[in-house]
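Position 509 of the sequence shown, counting from 1, maps to 509 under UniProt numbering, and the rest follow consecutively.
Simulated from the structure, these hints should not be mistaken for lab results.
Among the hints, a few may not be true.
Unchecked claim - When the alpha-carbon atoms are kept at most 27 angstroms apart in a straight line, the in silico DSS-like pairs for lysine-lysine are as follows:
#, residue 1, residue 2
1, Lys-407, Lys-372
2, Lys-625, Lys-561
3, Lys-365, Lys-561
As the list claims (entries may be wrong) - Per label pair, the in silico range of CB-to-CB distance:
#, residue 1, residue 2, range
4, Asp-536, Ser-8, 24 to 32 angstroms
5, Arg-334, Ala-57, 36 to 44 angstroms
6, Lys-7, Ala-57, 20 to 28 angstroms
7, Ala-350, Arg-16, 46 to 54 angstroms
8, Leu-644, Val-265, 39 to 47 angstroms
9, Arg-16, Lys-388, 31 to 39 angstroms
10, Lys-559, Ile-511, 51 to 59 angstroms
11, Trp-38, His-325, 32 to 40 angstroms
12, Arg-307, Lys-284, 42 to 50 angstroms
Since this is a predicted model, take the numbers as computed values, not measurements.
Ideal placement from N, C-alpha and C gives every residue a C-beta, glycine not left out.
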Amino acid sequence: MEAYRWKSAYVLYNKRSEFYRCLEAMGNMVTIRRWHLWFREVPARVATQADRDSVDAILSDVQTSRRIHIVMMTDDDVIDAILEQAFHRMLLTSQSHWIITNFDAHKKQLDSFRHSGARFTLLSLFPDKSTPGSSDLALTGRNRSTPHRNQTVPDGTPNRLDLGRTGEKTSMTELDGFGFSKPGQNLTRLDRCRDPLSNAALLARDSVSILADLLSSSEEQKTSRPFEAWQGQENCSQINQSSEVKFRGASGDVSFDGCGKRTDVNIYIHEYSDGMEKEVGSWKTDGAVDMNSTIGYVEMNSLLGGRHLQVYGYLSKPFIIKKKHANAEGLTGRDRYEGFMLDMTDMLAARLNFTWNLTMGTDYKGAITSGKYDFVLFPMSIRSRRMKTMQLSIPLRTRGYFLTMKKSDRRLPGMFQFMAPFSKRVWLCFVAAIVSVSLVLAANNRYNPNEWGIAAARGAVSQDQANNLNLPNSLWSTWGAAVGQGPEFLPRSYAGRVAAGTWWFFVLVAIASYTANLAAFLSQASVQQEIKTLFDLAEQEDVPYGTYKHYSIVSFFKKSKEEPYKTIGRYLTENADQVLTADSRQAMDRAIKGDYIFISPTTYEYEILKERCDMVILSSDYFFKFQVALPFPLESPYVPEVNLALMHMAQDGEMDLLENRWFNKKKDHCKSDKAKSQGVLGMDNFGGLFYFLVMGMGGAMVVFFVEWIWFMFQRPADGSNSAYSQPNKNNKNNNTAVV
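Build the full structure now, drawing on both the sequences and the hints.
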């Protein structure tokens, strides 16, 4: 574990394991190294359903805790059962690494899991990991050195163990599992057996050979109680003779020190992955570990490689969008939809070599917990409460809330927008003022002795000036002053001058107000230009604002103690019935109708940018931000692999490509709005004014024809048939007079 640089692991053990007595020592070493180990005892045998349920519960805990390093310290009987259940629980993946301490675990037990991608570390007493067969034992019996002290038998000379009287050939009784001959069978006939032996059988074989040698030596020396030599270091004086035993046994080179402990013992370390086994190191009795592992450089197989996944989709623009012509073109399945997540899943499939089938629906939460789908294509916000029911990938995007409303439109319906600065009532009063002032001037002209009419009657002025301020000329002069052109005839009396001066001052203020209000109406910043942040929203009181009542941001506003959130929260609380809606779509529809600012999540951003030219996003940046990720069922084994692929996609720029494709904030289809947003006036602003000009010119032409016809057919006073008189010969200026 230290050679692999593990810092944590899950340890499965049972009491029949040869390493069980090492657990206490292992715990002490873990404490010193500050590792984190979780110990769980597994059944000694997996024979009943209760045993299998017990193992499954333990493996479920391993899966829940997301441990990928497992140490299995069990006997050989339960290795197959544990690995089989671990495979079905997806614990044998390209990220998992198992250390199996049982010396009898061999490659054939792991062949069933060679395509899982899992890595195994095995321990062996033999460098080639091949357990010798009984035929090898027979050869060692004939060809090895005899275990007798300082006694050597030439190669090829049969070696017979003298268990009775000297020179008597004794048969041995076979012990189950140790590979000895049956009763009455010579040891030399072991070469007929071809079954592999366990490590315990090999060790027992060498033990019997040593014991036979010691018994033979004890009989010759007539030594009593020969077994006391094997009771510990206090009997070292009695077992000095064992230090002289050296031979090539079934378990390797056999030799002992002066206290009867075996020396020069090597435990070989093997790694198994993808059906291939390789020796990578060894452990010696002095505690030294010589490792040459390539496990960090082995290319990991993809757990998703070759798999067909079931994926659940939920319509959420622009993550998944139904194509406009899907029904008309008869598209089916995946081809009916497009969007950010579909393109991303295609890229993941290309990287991880899997295929997938899309199922669309509306219950994405149920799809996550149902267990029918491998993952769900929905931008799930990352919240702590969700970690108990699902797993989430690394963040895909940062989302949040923004302010949106319908674009303000101060224009009057129809063509006469130039009349917008004044209300209809003001316009009517203005027309009435023109008529009234004209009547006052005409009455003053008729009855005031100092005005043009009375002055002409008494000969103070010429007769032609008598009609300067009659009713028609008064109307004309008043209108000329009203439009800033000045009057054609000025009053002569002081009363007329007072009336005219008052009218001129009135006109001065009216024209200035109209001009200023028209300019303000056409260029002044609207509410949508004034509100950019939450501070602006909290300070204004002209337009109501609100959102969906169950959004988490509503709770945040109400609980906040800082501005502007506190002010907004108080407003939402006091006007909850008017500004908080029962559904998010209802809030969006209300904003579309106008006179309402929607505190919207980014769910509606794509719709506003790509589909609605009548809506505008007020805030330039998100607030109350959160991150979204792909949801997976709890305990899904695919999350680490998908996360790694997503990180590689981000590093390669593929995620930026998708963001530019699906989250472009430009309103390309609303290009005409750009000029309006900059205050540039178009023909729709002045079209009515041009129509008014055309109608005025048309009216003048009509009056012209009426006048021409009237004078054309009117008989002159001298009886001529022409409406035009002949030139007056007595006119010194020789001017032409028109009757």
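TODO: May I ask you to test the hint 42 to 50 angstroms on the CB atoms belonging to Arg-307 and Lys-284?
DONE: Holds, at about 43 angstroms.
- [ ] Could you tell me whether the CB distance from Arg-334 to Ala-57 stays inside 36 to 44 angstroms?
- [x] holds (39 angstroms)
- [ ] Look at the Cβ atoms of Asp-536 and Ser-8 and judge whether their distance stays inside 24 to 32 angstroms.
- [x] violated (52 angstroms)
Open item on the list: Looking only at beta-carbon atoms, does the pair Lys-559, Ile-511 fall within the given range of 51 to 59 angstroms?
Closed with: holds (55 angstroms)
- [ ] Note whether the CB distance of Leu-644 and Val-265 lies within 39 to 47 angstroms or breaks it.
- [x] Taking Cβ atoms as reference, Leu-644 and Val-265 lie about 41 angstroms apart, which means the hint holds.
Open item on the list: Can you tell me whether the CB distance of Arg-16 to Lys-388 sits inside 31 to 39 angstroms?
Closed with: At roughly 37 angstroms between Cβ atoms, Lys-388 and Arg-16 fall inside 31 to 39 angstroms, so the hint holds.
Task: Hint check for Arg-16 and Ala-350 - Cβ pair distance inside 46 to 54 angstroms - done: Since the Cβ atoms of Ala-350 and Arg-16 sit about 48 angstroms apart, the hinted range of 46 to 54 angstroms holds.
TODO: Sort out whether Lys-561 lies within 27 angstroms of Lys-625, counting only the CA atoms.
DONE: Given pair Lys-625, Lys-561 holds - Cα atoms ~19 angstroms apart, limit 27 angstroms.
Task: Distance restraint hint 32 to 40 angstroms, applied to the beta-carbon atoms of Trp-38 and His-325 - done: Between Trp-38 and His-325, where Cβ atoms are some 56 angstroms apart, the hint is violated.
TODO: Compare the distance between the alpha carbons of Lys-365 and Lys-561 with 27 angstroms, and conclude whether the hinted pair is satisfied.
DONE: Answer violated: Lys-365 to Lys-561 is near 33 angstroms, above 27 angstroms.
- [ ] Take a look at whether the Cβ-Cβ distance between Lys-7 and Ala-57 falls inside 20 to 28 angstroms.
- [x] holds (26 angstroms)
Task: Agreement of Lys-407 and Lys-372 with the hint, judged by alpha carbon distance not exceeding 27 angstroms - done: violated (45 angstroms)
In the structure shown, a violation is registered for the earlier hints numbered 1, 3, 4 and 11, in ascending order.
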